[in-house]
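Residue numbers (the working numbering), protein chains in the order written: chain A, 1 to 76; chain B, 1001 to 1170.
It is possible that some hints are incorrect.
[Stated by the list, open to error] Pairs of lysine-lysine residues, derived as DSSO-like cross-links and limited to a Cα-Cα distance of at most 30 Å, are as follows:
{"#": "1", "chain 1": "B", "residue 1": "K1005", "chain 2": "B", "residue 2": "K1048"}
{"#": "2", "chain 1": "B", "residue 1": "K1005", "chain 2": "A", "residue 2": "K74"}
{"#": "3", "chain 1": "B", "residue 1": "K1005", "chain 2": "A", "residue 2": "K46"}
{"#": "4", "chain 1": "A", "residue 1": "K74", "chain 2": "B", "residue 2": "K1004"}
Just so you know, these hints were derived from the structure itself, not from any lab.
As the structure is a computational prediction, the values presented were derived from the model and not from experiment.
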Amino acid sequence: MADFDDELDASGLNCPLPILRAKKALGGMDAGKVLHIIATDPGSVKDFEAFAKQTGNELLESAEEGGKFHFYMKKV
Amino acid sequence: MEQKKLAIIATKGTLDWAYPPFILASTAAALGYETQVFFTFYGLQLLKKDLGDLQVSPIGNPGMPMKMPFGPDWFQDINWNIPNIVQTNVPGFEALATSLMKKTIAKNGVATIPELRSLCQEAEVEFIACQMTVDLFGFEHSDFISEGVEYGGAATFFEFAGESDICLYI
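For reference, chain A alone in the conformation it holds in the complex (with noise of 0.2 Å):
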């Protein structure tokens, strides 16, 4: 597991609230830090890829564990 700055744990919530609420986290960090998402929404796994794309966050590790998604994503 990579170390992180913040968390955010959007466990629970369904799109398009997980990737609402990492943008809002994001706002609030320094550039360089990394943020911590936990999800359950499996729609998630694509959308934080295509969040990272779009927006230049770099998504550094995606994984799968014990039935939620957990991502790494550093401030641009």
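Got chain A sorted already, so can you dock chain B onto it with the hints?
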């Protein structure tokens, strides 16, 4: 890179059809799009101060599953195929369907419409209310939220839509 633009025309005023414009607008804003939504005809209902009147109608909508949001799994899996003629004759059928839909929405972690609308406002999505429809339906500006809302017509819509990268009619 120049900021991309998304223009949406929202024309439907039911609980189910309230989702696409607000989901797409809030997500686009999160992705860095400059976003504008033009609300016309029944879509104006989505700008009302009180969104509690939004209803969903299963009548004449064969695509809508009618499932119960409570009870044991086998019960929740049943798709209640209720004929239109029965639906139209049962008083309060739409209110019942709406309340079941709201329970299903909450159970699935889907945002409510008031929540999505305020997320749009926070993200500075611009809302344009069609003034012609306001007059036609006998509404007052005081019926609508004021933050982020301007009143205009077709020409106002094209001013932004003409320069948009994506334009959707919902």
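Each hint, compared with the structure:
About 25 Å separates the Cα atoms of K1005(B) and K1048(B), which keeps this hinted pair within 30 Å; it holds. Pair hint K1005(B) plus K74(A) holds up; C-alpha atoms about 25 Å apart against a cutoff of 30 Å. Distance restraint check for K1005(B) and K46(A): the Cα-Cα separation of roughly 22 Å lies within the 30 Å cut-off, and the hinted pair is therefore satisfied. Distance restraint check for K74(A) and K1004(B): the Cα-Cα separation of roughly 23 Å lies within the 30 Å cut-off, and the hinted pair is therefore satisfied.
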